[in-house]
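Asker: Residue numbering for the sequence shown follows the numbering used here, starting at 1 and increasing by one per position.
Misleading hints may appear alongside valid ones.
Unchecked claim - Pair ranges (Cβ atoms, derived): (1) 36 / 125: 30 to 40 angstroms; (2) 87 / 47: 14 to 24 angstroms; (3) 17 / 69: 20 to 30 angstroms.
It is worth saying that the hints were derived from the structure and are not from the lab. As the structure is a prediction and not an experimental result, all values here were calculated from the model. A virtual CB, placed ideally from N, CA and C, is assigned to each residue, including glycine.
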Amino acid sequence: VVALIIKILFIWLTPNATSKFINKAVEQAKASITLPAKIDESTTAVDITAELNAIRYHYIISGSDPNNVTNDDYKKYLLSGVCLNDTEKNLLNQGINLEYSTVFKDVSKTLFVSIKKEDCLNYQIPTKTFSDIQPIQLEK
């Protein structure tokens, strides 16, 4: 009976503890940056929010055409930064997902990506980057 009560308490308290940890992490992140924050010439971080089992980063991108960019493309782009970052991997290992909501201001398109622990377990560092790809030479 005692073991059952302990198990029930653990199940009941774990989400609450995770929620408190997420709220604290968001609070600390917001204290370390003044939002909105210009990340580069076209990207602005506008908010960081605590979600159920996740920390969500909100961005606005202007002056860029995302029509050929999918959520999968965006996720692949984000994975290297997340999976190679010890702080973010630590969050994932604690069961806290990282979510990225990005609004493309000029075309009213939004991309949403959720990165989970499993995504980094399966992540392989790319062997080629865009700068490694040589242009195709056409014969005349």
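Asker: The structure should be examined with respect to each hint, and the outcome stated for every one.
Answerer: For each hint, the structure was consulted:
no.: 1; hint: 36 / 125: 30 to 40 angstroms; in the structure: 32 angstroms, holds
no.: 2; hint: 87 / 47: 14 to 24 angstroms; in the structure: 19 angstroms, holds
no.: 3; hint: 17 / 69: 20 to 30 angstroms; in the structure: 37 angstroms, violated
Violated hint for the displayed structure: number 3, the only one.
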